[in-house]
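Take a look at the letters that make up each chain.
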Amino acid sequence: MSNCSCIPFKGTKEQQKKLEAAIEKYKDQSGALMPVMQAAQDIYGYLPIEVQKMIASGLNVPLEQVYGISTFYAQFSLSPKGKYAISVCLGTACYVKGSGKIFERLKTVLGIDDGGCTPDGKFSLESCRCIGACGLAPVLTVNEEVYGRLTEDDVDKIIEKYKALD
Amino acid sequence: MADVNIKFNGIPYSVPEGITIIEAARLVGVNIPTLCYLKDINEIGACRICVVEVVGQRNLVASCVYPVSDGMEIITNSERVFNSRKHNLQLILSTHDNRCLACVQNGHCELQKICRDFGVDDVNMFDGEINHYEIDDSAEHMYRDNNKCILCRRCVAACEKVQGVSVIGPNERGFNTHIGCAFDQPLGDVACVGCGQCIVVCPTGAISEKDHTKRVWDAIQDPTKHVIVQTAPAIRATIGEMFDYPIGTNVEGKMVSALRRLGFDKIFDTNFGADATIMEEANEFIERLQNGGTLPMITSCSPGWVKFCEHNYPEMIPNLSSCKSPMQMLGAIIKTWYAEQNNIDPKDIFVVGVMPCTAKKFEIGRPDQSASGYPDVDAVLTTRELGHMISRAGIDFRNLPDEDFDNPLGESSGAGTIFGATGGVMEAALRTAAERITGKQASEVDFMEVRGTEGIKEATYNIGGVELNVCVCSGLANARKVLDAVKNGEKKYHFIEVMACPGGCINGGGQPVQPSAVRNFVDLKSLRAMALYSEDMRKSIRKSHENPAIQKLYTTYLGSPGSSKAHRILHTSYVERDKF
Ligand code: SF4
Ligand code: SF4
Ligand code: SF4
Ligand code: FES
Ligand code: FES
Numbered sequence: 001m002s003n004c005s006c007i008p009f010k011g012t013k014e015q016q017k018k019l020e021a022a023i024e025k026y027k028d029q030s031g032a033l034m035p036v037m038q039a040a041q042d043i044y045g046y047l048p049i050e051v052q053k054m055i056a057s058g059l060n061v062p063l064e065q066v067y068g069i070s071t072f073y074a075q076f077s078l079s080p081k082g083k084y085a086i087s088v089c090l091g092t093a094c095y096v097k098g099s100g101k102i103f104e105r106l107k108t109v110l111g112i113d114d115g116g117c118t119p120d121g122k123f124s125l126e127s128c129r130c131i132g133a134c135g136l137a138p139v140l141t142v143n144e145e146v147y148g149r150l151t152e153d154d155v156d157k158i159i160e161k162y163k164a165l166d
Numbered sequence: 001m002a003d004v005n006i007k008f009n010g011i012p013y014s015v016p017e018g019i020t021i022i023e024a025a026r027l028v029g030v031n032i033p034t035l036c037y038l039k040d041i042n043e044i045g046a047c048r049i050c051v052v053e054v055v056g057q058r059n060l061v062a063s064c065v066y067p068v069s070d071g072m073e074i075i076t077n078s079e080r081v082f083n084s085r086k087h088n089l090q091l092i093l094s095t096h097d098n099r100c101l102a103c104v105q106n107g108h109c110e111l112q113k114i115c116r117d118f119g120v121d122d123v124n125m126f127d128g129e130i131n132h133y134e135i136d137d138s139a140e141h142m143y144r145d146n147n148k149c150i151l152c153r154r155c156v157a158a159c160e161k162v163q164g165v166s167v168i169g170p171n172e173r174g175f176n177t178h179i180g181c182a183f184d185q186p187l188g189d190v191a192c193v194g195c196g197q198c199i200v201v202c203p204t205g206a207i208s209e210k211d212h213t214k215r216v217w218d219a220i221q222d223p224t225k226h227v228i229v230q231t232a233p234a235i236r237a238t239i240g241e242m243f244d245y246p247i248g249t250n251v252e253g254k255m256v257s258a259l260r261r262l263g264f265d266k267i268f269d270t271n272f273g274a275d276a277t278i279m280e281e282a283n284e285f286i287e288r289l290q291n292g293g294t295l296p297m298i299t300s301c302s303p304g305w306v307k308f309c310e311h312n313y314p315e316m317i318p319n320l321s322s323c324k325s326p327m328q329m330l331g332a333i334i335k336t337w338y339a340e341q342n343n344i345d346p347k348d349i350f351v352v353g354v355m356p357c358t359a360k361k362f363e364i365g366r367p368d369q370s371a372s373g374y375p376d377v378d379a380v381l382t383t384r385e386l387g388h389m390i391s392r393a394g395i396d397f398r399n400l401p402d403e404d405f406d407n408p409l410g411e412s413s414g415a416g417t418i419f420g421a422t423g424g425v426m427e428a429a430l431r432t433a434a435e436r437i438t439g440k441q442a443s444e445v446d447f448m449e450v451r452g453t454e455g456i457k458e459a460t461y462n463i464g465g466v467e468l469n470v471c472v473c474s475g476l477a478n479a480r481k482v483l484d485a486v487k488n489g490e491k492k493y494h495f496i497e498v499m500a501c502p503g504g505c506i507n508g509g510g511q512p513v514q515p516s517a518v519r520n521f522v523d524l525k526s527l528r529a530m531a532l533y534s535e536d537m538r539k540s541i542r543k544s545h546e547n548p549a550i551q552k553l554y555t556t557y558l559g560s561p562g563s564s565k566a567h568r569i570l571h572t573s574y575v576e577r578d579k580f
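Read top to bottom, the protein sequences are chains A and B. Its first residue numbered 1, the first sequence is counted upward by one per residue in this note's numbering. Its first residue numbered 1, the second sequence is counted upward by one per residue in this note's numbering.
In case anyone wonders, no lab produced these hints; they're calculated from the structure. On a predicted model such as this, the values are computed, not experimentally measured, just so you know. Idealized CB from N, CA, C, for every residue including glycine. Careful, some of the hints might be misleading.
[Unchecked claim] Facing chain B, from chain A, some residues (calculated, C-beta under 7 Å):
no., residue
1, Ile49
2, Thr71
3, Lys122
4, Glu126
[As the list claims (entries may be wrong)] Far from chain B by the CB rule (all over 10 Å, computed), these chain A residues:
no., residue
5, Lys13
6, Glu20
7, Ala56
8, Leu59
9, Pro62
10, Glu64
11, Gln65
12, Gly68
13, Gln75
14, Thr108
15, Thr118
16, Ser127
17, Cys134
18, Thr151
19, Lys163
Can you build the whole structure from these sequences, using the hints too?
Next comes the structure, spelled out in structure tokens:
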């Protein structure tokens with residue numbers, strides 16, 4: 001699992017307060033771990049080691065247990081979203097039209113894995129299911145922007161474009 | 001409890017209600033193979049090797065978790081059962097690095113045995129994509145090779161439920177599932193305590209101790225080295241298992257013989273180190289008691305426990321006795337006193353500890369464990385490694401004569417012997433402390449309340465008018481309970497003995513691996529402990545301070561227990577470590 005420990009953790013005091021409140025709220029219930037992890041995912045957008053340690057300490061559960069769960073369920077992410085979050089559709093229509101190759105190309109160009117984020121925090125990459133734009137297959141999105149009918153070469157151009165922005 | 005009537009393979013039996021099919025099978029002499037099941041701690045029904053037919057049930061059931069009921073007819077030996085087990089094995093092998101010849105477990109592997117039993121000759125039946133994992137050899141005491149892991153999760157259960165350490169677990173999902181630490185950090189970087197309890201329950205060669213046999217062979221071959229071996233109290237009670245003796249056979253004499261034939265220059269007994277530990281520890285305890293020192297004092301001979309304390313209860317480091325472990329004490333005595341007496345430069349002495357413990361491999365590299373300026377101990381062999389060396393050397397263990405340890409550091413008391421079982425250190429310390437406190441010879445040397453294999457034992461003794469509350473625990477999950485109770489004021493003890501492994505060193509992580517077929521149904525701890533308590537009974541000297549060699553060590557060299565020289569050589573210090 002791509003875990004970008006290279007991106008420094010930038011949690012704020014407010015975020016920490018919110019997480020502590022969530023821990024306080026669920027602490028004495030059985031099965032507190034999942035809801036607290038969900039809350040943390042919402043607060044921070046991802047679950048880096050710093051956040052998982054707070055959860056483990058707060059609920060008095062092993063860190064490995066938190067980590068195991070965070071890598072088991074797709075709803076948790078270990079990397080922050082990049083400034084430009086790229087999402088490649090691997091739904092059936094897109095896949096048939098070669099989105100798998102596009103995804104691979106992006107991994108190579110960016111040097112990150114599914115769920116990863118570049119060390120400068122600029123790009124993150126993930127795969128997703130059908131986004132309802134099958135007519136444009138294969139499709140990817142960068143933040144809100146949709147790009148369709150892609151070829152592998154388009155990938156490089158799109159990346160160049162966002163690299164040029166800052 | 002009521003009995004129920006059931007049939008195994010057509011033959012009627014009556015067995016207690018509420019037990020599982022596998023337990024019932026054991027009672028009536030039917031063996032069922034297991035890969036994931038570990039009684040009480042890993043009952044997850046995951047591997048499905050233990051499947052059997054229950055007449056009237058459409059699907060095969062996992063016998064390790066399925067309870068018997070009245071009138072149940074169970075079939076364990078049908079073609080259908082065999083085929084299902086074989087199929088499951090083939091699936092396991094499809095992602096398994098099956099190069100048995102180069103595997104540490106070759107010949108002892110539970111997976112290998114079951115494959116042979118079920119005629120799995122087509123190991124490549126379901127070959128497809130397989131994950132390649134890097135071997136994690138970051139920890140001092142062990143390595144993990146996930147290419148050989150079958151995800152039975154026994155190690156996870158041992159680490160979590162027995163030890164309360166919980167640094168390993170399943171990461172990721174599906175095809176990528178693997179056992180690892182949080183954030184897939186190397187084991188050497190997390191709060192693993194080195195106990196090796198994961199190793200002794202693993203049915204495969206996926207996890208194993210780091211091999212020190214090479215260094216030992218090299219030292220023995222090196223003519224410039226004076227190579228001294230010392231064996232922990234518990235080894236004599238377990239090494240016989242490597243040579244097919246019944247569990248709990250004391251083979252001390254043959255073990256010493258074998259060591260001599262391996263070419264060690266001197267064979268000493270860690271029991272002597274244990275006696276020295278008692279001299280120092282009893283003295284430290286009395287000083288703390290009489291001078292308002294930090295109480296409860298907690299024993300420090302189990303390096304897995306010490307590391308656990310440093311990671312999880314750093315605030316209790318002042319409670320730890322500053323005594324080195326018996327192995328380290330004896331190593332230090334060898335490289336100082338013995339070296340001086342025999343005119344040997346300590347740099348030319350190579351000390352090997354044969355230990356029931358993998359954490360000892362970590363302990364020898366700790367700071368403040370080099371009394372002579374050189375490490376007190378240079379290599380640690382587990383019981384298993386020594387067994388393998390003896391086999392390799394072609395020594396016919398069972399036909400060896402019985403021989404004695406060398407003197408003077410081979411002399412020991414019964415108190416030293418029982419160090420190998422939970423409660424033994426406490427009892428040994430009480431035997432000496434009682435006489436030191438009262439100034440009188442005590443006729444009673446047996447402290448029965450602290451014996452036995454329960455995880456937590458308590459007792460109160462009145463010694464010379466002082467009420468002493470003591471507690472003995474083993475298995476770190478139990479240690480957690482005890483320490484939490486002490487911390488929140490629920491319990492007040494003067495003296496606590498902690499051993500990392502459940503039952504103490506006799507059940508250590510370096511001991512011979514018994515397959516689950518034995519482990520699940522035989523009380524290893526009691527059988528092995530018995531071998532030590534009967535030796536204690538047989539000994540003429542049963543108190544550490546009456547060991548004449550110990551007396552000589554103090555009169556000619558150290559002065560009195562707790563002297564500054566004794567402190568320099570026999571005591572150590574601890575460090576705070578990260579919780580995660
Ligand atoms: S783990 Fe067992 S089956 Fe696998 S290679 Fe080693 S000995 Fe063979
Ligand atoms: S050696 Fe002990 S603490 Fe370390 S992983 Fe194994 S069971 Fe857990
Ligand atoms: S390392 Fe051994 S005990 Fe642990 S899951 Fe793998 S096979 Fe089972
Ligand atoms: S499959 Fe990609 S948008 Fe529908
Ligand atoms: S399912 Fe019963 S031993 Fe694994």
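So, going through the hints one by one against the coordinates:
With its C-beta approaching chain B no nearer than about 5 Å, Ile49(A) sits inside the 7 Å limit, and its interface hint holds. Because the beta carbon of Thr71(A) sits about 5 Å from the nearest beta carbon in chain B, less than 7 Å, this interface hint is met. Restraint check, Lys122(A) versus chain B: the minimum CB separation of about 23 Å is more than 7 Å; hint violated. Hint on Glu126(A) is violated. Least Cβ distance to chain B is approximately 16 Å, over the 7 Å limit.
The claim that Lys13(A) lies off the interface holds: its Cβ sits roughly 22 Å from the closest Cβ of chain B, which is beyond the 10 Å cut-off. Residue placement check: Glu20(A) keeps its beta carbon more than 10 Å from all beta carbons of chain B (closest about 18 Å). Not every CB of chain B lies more than 10 Å from the CB of Ala56(A), the least distance being 7 Å, so the non-interface label is violated. No beta-carbon of chain B comes within 10 Å of the beta-carbon of Leu59(A); the shortest separation is about 13 Å.
Interface exclusion of Pro62(A) from chain B breaks down, the closest Cβ pair being 3 Å apart, not more than 10 Å. Distance to chain B contradicts Glu64(A) as a non-interface residue, since its nearest Cβ pair spans about 4 Å, not more than 10 Å. A beta-carbon of chain B comes within 10 Å of the beta-carbon of Gln65(A); the shortest separation is about 6 Å. Not every Cβ of chain B is farther than 10 Å from the Cβ of Gly68(A); the closest lies at roughly 4 Å, contradicting the non-interface assignment.
No Cβ of chain B approaches the Cβ of Gln75(A) within 10 Å, the least distance being about 12 Å, so the stated non-interface status holds. Once the 10 Å rule is applied to beta carbons, Thr108(A) is consistent with being away from chain B; the minimum gap is 20 Å. Non-interface call for Thr118(A) relative to chain B: holds, since the shortest CB-CB distance, roughly 19 Å, exceeds 10 Å. Remark: the non-interface label on Ser127(A) is consistent with the geometry, its nearest Cβ contact in chain B lying 15 Å away (cut-off 10 Å).
Look at Cys134(A): its CB is around 26 Å from the nearest CB on chain B, clear of 10 Å, so calling it non-interface holds up. Every Cβ of chain B is farther than 10 Å from the Cβ of Thr151(A); the closest lies at roughly 28 Å, confirming the non-interface assignment. Every beta carbon of chain B lies more than 10 Å from that of Lys163(A), the smallest distance being close to 29 Å; the non-interface claim holds.
Hints 3, 4, 7, 9, 10, 11, 12 from the list above are not met by this structure, while the remaining hints are.
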